[in-house]
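In the order they appear, the protein sequences are chains G, C, P and S. The numbering used here numbers the first residue of the first sequence as 12 and each following residue consecutively. The numbering used here numbers the first residue of the second sequence as 12 and each following residue consecutively. The numbering used here numbers the first residue of the third sequence as 120 and each following residue consecutively. The numbering used here numbers the first residue of the fourth sequence as 120 and each following residue consecutively.
None of these hints come from the bench; they were simulated from the model. One thing to keep in mind: the hints can contain errors.
Across the chosen pairs, the derived CB separations fall in these ranges [as the list claims (entries may be wrong)]: (1) P:V374 - G:R123: 30 to 40 Å; (2) G:R123 - S:S137: 18 to 28 Å; (3) C:S165 - S:I140: 39 to 49 Å.
Note that CB positions come from ideal geometry on N, CA and C, so glycine has one too.
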Amino acid sequence: MLKTPRLKLEKIALRLGDFQFKNINLEVAAGEYFVLLGPTGSGKTLLLESMVGLKTPQEGKIFVDGQDMTHLPSEKRKIGFVYQDYALFPHLTVEENIAFGRKNRHRSRIQRLLPFFNILPDLDKDALIAAEVKKISRLLKIEALAKRYPANLSGGEKQRVALARALIVNPNLLLLDEPLSALDPERREGLQNELRRIHQKTGMTTIHVTHDFEEAVALGDRIAIIHQGEILQVGSPEDVFRRPASKFIARFVGVRNIFQTEIIKSTSNGTKLLALNGLMITALTSLTKPAHFSIRPEDIILSREKLTSSIRNSFQGKITTIANRGTLIYITIEVSSSQKQKPPIPFIVAITHRSLEELDLRINDEINLSFKASAVHVF
Amino acid sequence: MLKTPRLKLEKIALRLGDFQFKNINLEVAAGEYFVLLGPTGSGKTLLLESMVGLKTPQEGKIFVDGQDMTHLPSEKRKIGFVYQDYALFPHLTVEENIAFGRKNRHRSRIQRLLPFFNILPDLDKDALIAAEVKKISRLLKIEALAKRYPANLSGGEKQRVALARALIVNPNLLLLDEPLSALDPERREGLQNELRRIHQKTGMTTIHVTHDFEEAVALGDRIAIIHQGEILQVGSPEDVFRRPASKFIARFVGVRNIFQTEIIKSTSNGTKLLALNGLMITALTSLTKPAHFSIRPEDIILSREKLTSSIRNSFQGKITTIANRGTLIYITIEVSSSQKQKPPIPFIVAITHRSLEELDLRINDEINLSFKASAVHVF
Amino acid sequence: MIKKHPSKLTFFFAIFGSVLIFFIVWPLLRTITSSSPTLLWETLLDDDVRNSILLTFLSSAIATSIAFILGLPLAYLLARVEFRGRALVEAIIDIPIVVPHSAAGIALLMVFGRRSILGKLFSLVGISFVSAMPGIIIAMLFVSLSFFVNSARDGFKAVNPRLEGVARTLGSTPWEVFWQISFPLAWRGILSGIVMMWARGLSEFGAVVILAYHPMIAPVLIYERFESFGLNYARPVATLIILISLFVFITLRLVGRRNHA
Amino acid sequence: MIKKHPSKLTFFFAIFGSVLIFFIVWPLLRTITSSSPTLLWETLLDDDVRNSILLTFLSSAIATSIAFILGLPLAYLLARVEFRGRALVEAIIDIPIVVPHSAAGIALLMVFGRRSILGKLFSLVGISFVSAMPGIIIAMLFVSLSFFVNSARDGFKAVNPRLEGVARTLGSTPWEVFWQISFPLAWRGILSGIVMMWARGLSEFGAVVILAYHPMIAPVLIYERFESFGLNYARPVATLIILISLFVFITLRLVGRRNHA
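Only chain G is shown next, with the shape it has when bound in the complex (with noise of 0.2 Å):
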């Protein structure tokens, strides 16, 4: 990144009871959807209220536009900020609850110092913020919630108010806590597509934390992984996913297949050849060192006959089990290794309903599978 960044964290560290941050350092470009993805308890919410100035790092220095805002107090640095349970208040109308944030801009010195008085109403101002929401309650779609109190909506619909009140004060920086976890699994990918599209409409520059990997495929233009209170990776979706940084992280996305191995021999056409109890597997990496490597389950594809192509690695193996999860099924099958002492090698595979079916696959049964080189990831 050439520009400055929008939101630039350096070296930060937090401690807070048995909890620590070590070492952050980060970059968010401007107008960019960044995703923080990690476990539960991995430090995501402290590391968003550090950087509202909610808490404040023992250590390190956070940047907004090239500006040191560590020990600016929370008032005064414009972040946006959206709460896991989204944090309306609760004595206000959904109207009231998105003016909150606009009104306090208009506020005069007295009016700062003796906010029990609501003293010299100023009908221009109010009619000026009144049209604002109304404009951020149609971008939104909750111009008909209006008069409702908090305690009267949908999970969904709270998730939009509280998006209206933090981009009313038009903020530098959109942080948004686990958004979508308190909603109803069927209402999620809604209101998923409903994040996208007001990020593509108002280009505020966002970060969004989970614990979902599939959410953050789906938002993220760019994902950093994080736990225990480190950032282990950051990249786009694409990297991650295909070329996860370590085993936990390689876990964490979802691949199965993760094995560990020596890296045998280079061959003539700038292949690898991976040991793997005695199975020889072609890969492409640039590392001559022992290291792991994974085949994610979808990337392996199951045949009756041998596969005659230019796929490299093609083994026969034996079901083992045969998983129903819904929409995949997923196949565990046992190669044997050719030294005969050493135990079978389990590999995943991932298959559709309609595969399962044509290839008519039970339990016991001999299969080929095949995978390409370029589907071994090594690290």
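Model the placement of chains C, P and S on the given structure of chain G, informed by the hints.
Here is chains C, P and S on its own, set in the frame of chain G:
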């Protein structure tokens, strides 16, 4: 079911606040793993609580092994219950939690009246109970946790302890209320397998409540779909998945391509033709009146060239969106109606990353889609 | 979770509980019904009685106002800020409930008495605590402030701190957040603290009687009439003050509930 | 959520709060430090003082025990069972806090006095309430039972009802569930109720003095010495009872906390 079912609900009706059940009928066979599937707020927990006697239905009867239990107090029903949050007793160790129900059985009348005095310890019985606790702990692999308190356990450990506590009294029936929903997504799969293993080992008749369709498919011998206090469909996972009984169920189990049609006519070979905005779709059905029909996204095949196979339904369309959802990619293809004034029909197709690469699909590409007559589910 | 139709346990427990309810209700009912309306009306026309009741109400209201101004910030701090010695401060707030009332009166007399430093200082501006209304007020304040501070603290604690955090990100200063968010949302707890403290102030006798036998608040008047003339002369005044206390208590409680619903 | 380093608001609020803390602490400290240890020791050797202190402690302990037996079931019902008139019962439980103490004394005297039905009934078994320990006990019980019932009720409310439900499915009767689950888990609330009620009982003066001037409990003794001999004679007794109250209060509070951690 010819034999007396283990559990039988007969016309259960229950009103609680805004919520009500109407006329719930259900039979669960001995040894079965039965899944109650429904969205949040469909009253699943309430139904379990009335099975176990913590809520009393206003109408209807509950039978266990043919015996009417409708008015039996909970402590006499011998039905194990595991709450979503596991509800472990925080003031007892893991060991004491597990032994809790087992000890109740050995208590004399006088001990039951004076439970705050732990009089007359019986060493023989204590040793017997300790042995049983050990046995069940071994089955659930929690022997190492015996002396710890629930507050120090992980979600998965809590779940195992709650299971052990329910299983030790050897109940007639085990009720699990969303047992996996409190766990991190990455641990859910392991514990799902564990539930299957324990069910196979103990043969315990189990009713498992969930809102997750994949969980239901992976575990259930049979599935009942419940929505707004009513049971909509009962059947095998395959049944519910392939032949949803209503539009709500179809949506809920993840079917995307749901259309409404009139059935036009029967063809010579026994298939029917369905009209959809001018397209004619071949399907197998006995229905003759206007109906819904659906096609699962993964049952549609994409190809660059028009397929010349036995597949009956083949159309050409334009790709409008490509959404990456991790393991699968969902592509929307709009097929133009033959009648020009009608809007194009969007089909959603699920393919793997591999197919996406192989077909090199891009937005606005023209592509062929085809599906078998048997893949069209009419309801 | 417990079934709707009562179990044997519920029945058994209800009998025990009824004894306690009866123990509270019976003496009060017996007192109220023992004086005829005419007698009560005559009692109310007695200048001494009327003045004492007004003095009691007014003093307690002033004590409550002082606690509101000084105690509301403290309640907020106790609910929100982690600081060393918070447990100590919470214990100190509870101490007035524990100190015997007459001993509290003695302690206040030592600090605010005529010969004490504070007493002399205040007498310069014409305020005397002994045998005067300010003495009644500080006695009431001392014995009843715990009720207000604890109730307001619980009110603030029940406010989700995330609401305050979000308000900050929307541009409110901590002072504005307090009035825009914390105070309105904690209002039920604060109001119930005001009611309890005011009512508790009305009921005080031991601490007040040591600082100020005169001017007489209603509880002192009851005691004096009982000592000087016996039960029959004390009873109408007692009835009157019980009726007024109950009336005020019930009204405020209903207002407090409506306010929330 | 609020940042750890204090904001201006926190500082400003802390100043207000300190005034209140100071108002509680100073009179107590001033009283405690005004009497020399020798004088306190001599006071303690005075039979009248010692007897009155023992009588106070014992009476309050008995009142608390009665409230425990009768009030624990009530607290559980209020926490668990939805019934018509629950709000009324909760209001009744709070009434004793509101009723002026001397008026409460009059009301109790009317029901338990020598010429009342209950008074006559009890006198048959040799129990007299007027000018006797049973009178002290019922006066203490009346003014302080609210503290126990409310605290125990909150303790029971904090117990997750699902735990009770699960225990039922594991074969426990409602009665067993109460002792195996509800009582141990609500123990902290119950204990704090016991402490508060006992302490509140110790502090009572107004209601007791009307039912039983003699035998003298410590608060009455303080008042009597103050009225008869003046501040200097009342002070050592006040100091002593303040010290003992504080000691007991702090000890029980620490025990209560350890018990939970």
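We went through each hint and held it up to the structure:
At roughly 31 Å, the beta-carbon separation of V374 of chain P and R123 of chain G lies within the given 30 to 40 Å, and the hint holds. Hint check: R123 of chain G to S137 of chain S, Cβ distance near 26 Å, so the stated range 18 to 28 Å holds. Between S165 of chain C and I140 of chain S the CB atoms are about 43 Å apart, so this pair conforms to the stated range of 39 to 49 Å.
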